[in-house]
Amino acid sequence: MIAKITAVADLDFTSLSLSDELENKLRRADLFTRTIVACCHKLLEGQAINGKQTGLFVATAFGPMQCNLDVLDFLVEDEPVSPTLFSHSVFNGASGYLARIFGIHGPAITQTSYGYPFFTALAQAKFALEQGQLKQAIVIQAETYSQLLEDAKGETETPWPPGSVAWLLGHEGVEVKDIMVQESPCPPEERLHYHVTCSSGTTHHHPLAMTLELNRLFLAKQLPEKYQTSSAFGKATLHFGAAR
Amino acid sequence: MTSTISISGMGCCSSAGKDLQQSWQNLGHNNYPKPTTPPFKTIHNSPVFAIHPDWLPPDLSQFPRKPTTPLNPTTLFCLSAIFDALNMAGLQVKKLHQKRVAIIIGTTVRCHFHNNEYYRKWKQGIEQSQEPMACFLNDNLATIIQQILGTTGPTSVITNACAYGTDAIGVARNLLLADQCDLAICGGADELSPLAYHGFSSLLLCAEAPCTPFGENRAGLNLGEGAGIVVLEKNASLKKRGETAIGWLRGYGSASDGYHPTAPHPKAKGLIRAVETAITDGGISKDAIHFINGHGTGTRANDQVETIGLHALHLDHCPLISTKGATGHTLGGAGGIEAVFTLQALRKRFSPGTIGTSQIDPKLALSPLAESQVSHLGGAIGMSQSLAFGGGNSALILEAST
Chain A
1 MIAKITAVAD
11 LDFTSLSLSD
21 ELENKLRRAD
31 LFTRTIVACC
41 HKLLEGQAIN
51 GKQTGLFVAT
61 AFGPMQCNLD
71 VLDFLVEDEP
81 VSPTLFSHSV
91 FNGASGYLAR
101 IFGIHGPAIT
111 QTSYGYPFFT
121 ALAQAKFALE
131 QGQLKQAIVI
141 QAETYSQLLE
151 DAKGETETPW
161 PPGSVAWLLG
171 HEGVEVKDIM
181 VQESPCPPEE
191 RLHYHVTCSS
201 GTTHHHPLAM
211 TLELNRLFLA
221 KQLPEKYQTS
231 SAFGKATLHF
241 GAAR
Chain B
1 MTSTISISGM
11 GCCSSAGKDL
21 QQSWQNLGHN
31 NYPKPTTPPF
41 KTIHNSPVFA
51 IHPDWLPPDL
61 SQFPRKPTTP
71 LNPTTLFCLS
81 AIFDALNMAG
91 LQVKKLHQKR
101 VAIIIGTTVR
111 CHFHNNEYYR
121 KWKQGIEQSQ
131 EPMACFLNDN
141 LATIIQQILG
151 TTGPTSVITN
161 ACAYGTDAIG
171 VARNLLLADQ
181 CDLAICGGAD
191 ELSPLAYHGF
201 SSLLLCAEAP
211 CTPFGENRAG
221 LNLGEGAGIV
231 VLEKNASLKK
241 RGETAIGWLR
251 GYGSASDGYH
261 PTAPHPKAKG
271 LIRAVETAIT
281 DGGISKDAIH
291 FINGHGTGTR
301 ANDQVETIGL
311 HALHLDHCPL
321 ISTKGATGHT
331 LGGAGGIEAV
341 FTLQALRKRF
351 SPGTIGTSQI
361 DPKLALSPLA
371 ESQVSHLGGA
381 IGMSQSLAFG
391 GGNSALILEA
401 ST
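First to last, the sequence lines map onto chains A and B.
In this text, residue positions in the first sequence follow the numbering used here: the first is 1, and each later residue adds one.
In this text, residue positions in the second sequence follow the numbering used here: the first is 1, and each later residue adds one.
These aren't lab readings, by the way, just hints derived from the structure by calculation.
From a predicted model like this one, the values you see are computed outputs, not experimental measurements.
All C-beta atoms in this analysis are idealised placements derived from N, C-alpha and C, irrespective of residue type, glycine included.
Any given hint could be a false lead.
Said to hold, decoys possible - Chain A regions said to be covered by chain B (calculated; three or more residues, Cβ under 8 Å):
id, segment
1, 2-14
2, 113-120
To be verified - Simulated pairs of lysine to aspartate or glutamate, DMTMM-like, Cα-Cα distance not exceeding 20 Å:
id, chain 1, residue 1, chain 2, residue 2
3, A, Lys177, B, Glu216
4, A, Lys177, A, Glu225
5, A, Lys235, B, Asp54
6, B, Lys41, A, Glu79
7, B, Lys123, A, Asp73
8, B, Lys121, A, Glu225
9, B, Lys363, B, Glu216
Just chain A, with the same shape it has in the complex:
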């Protein structure tokens, strides 16, 4: 089966609002989980999903970092850790919510890197579809960062807007032909500086920006046949079929 982009969605952190039903299901969830679930909800609106044949491929650079730090708060104060916070600080906690709320029972792979996590997850999802392991795949990235990270970046750098981006892959839409990701070691300051140049001519300054641009191009039916990125932390090349 050929892997095609059926639908895309993105969620700006400032527009994060949940229905009462979702709010109820997420009452204990941290911001990272809430963001990713809200984006997935937006992605799947009007889409038919076969839960047993759908996989989840979650990507993130920093994961639930604030939740991680909230757990550290207990440790540095020598207090017993909150079990609820701890279970949400685990990176794949969000995929557990996605599986439960949207009835997805295929594989759920969460992977992390500071470079191109979405593209790496996309490559894994693409393969699973092409091999017939799955009929559909949700590829989703969320970033919610933390004040600690913002302070490390310093005031001179462009702020990183929290949010989430998601693609639904299936058998209809624009073909994902080929993906090549090559991440490289780089000085830590380059990770915070975050400077990615793309073949579209755009320069991106935060970890969700590339996929946001691709979403915009997809919705405008202007997805290029070849999309290349280059940065201090590596390069990626994606080939797409003709936009429809």
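Could you slot chain B onto chain A? The hints should help.
Leaving out everything else, chain B in the frame of chain A:
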């Protein structure tokens, strides 16, 4: 053998042994360490399986590039296992530079920021060196390993709670099949950390005595540390370089419970689907499986659900064990270490019993081997499986070469 993916080398380190040879000798002779008090300040009483400090660091001299920041224990464990795996595979590091090498590693501790001292000072607004933050930003385990080995190819850190290592091997297999790489170094690694220790303790999952997986009086898990790595290659490329496989990765399956944030599905729905997928993927029948290395953490829920699932799958005929009584639950390392132990058991056609467990829980849906019940294995194919927080379940079908 019908798999196209060979396992050409494997390596591991944990409290059970500094390498595979020592680990296997200890497992086979029930000569395993007892867990001890954690090496950090804590208000909890659960002992842990720490790696003997004399076993580190591994010999880094064969690696061409020196790291730019101090290496943390997780990376050292991982390098130690990689060193052994590459040696077994007959691969010199410089040979890797002619190939596209995927490095796919599972880890949990090294995904988190956990420099307590830096964090405390930051909260107090105290000016300090940014080195801990630099280390955090340099801490992607797969990228560090790639840097030290000097290789090129896809990298990924899988962070799937307790199924990391198993899924990392499965994902690496997929990359080979998709021709995204020529060779894959994959598995998992984790060190003991106060954060994970206190987190698991807060969930009331840790035993205050040595763990007894599948045991009648099991009271929880003990955390551990270590790494398990396998080298995967396509059969054709292994043959081309004149080496033989030690085994094959026959199948991989992964499925979600979609049930609860931390507890497994009571009827093991996700596990059953993961195992069925792996068996189908491997092109084998259930009867071909002759050994199962279970997740077997020693918690009431995990061990019960795991046996419910295997019973429902009609796999009661297979010797089932857990090795966590010798290693502890090494989190990211577990899936890798247990895949290595599984293949080693199949190669030797011998299974140790469940280390640390003298009395199997008679209420379990099937009867795993107790510590005294070593078993000779009737075939070369077996399974290693993992269950994880978030409802993840994964299984690998492995076959030893004869």
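Which of the stated hints cannot be reconciled with the structure, identified by number in ascending sequence? 1, 3, 5 and 8
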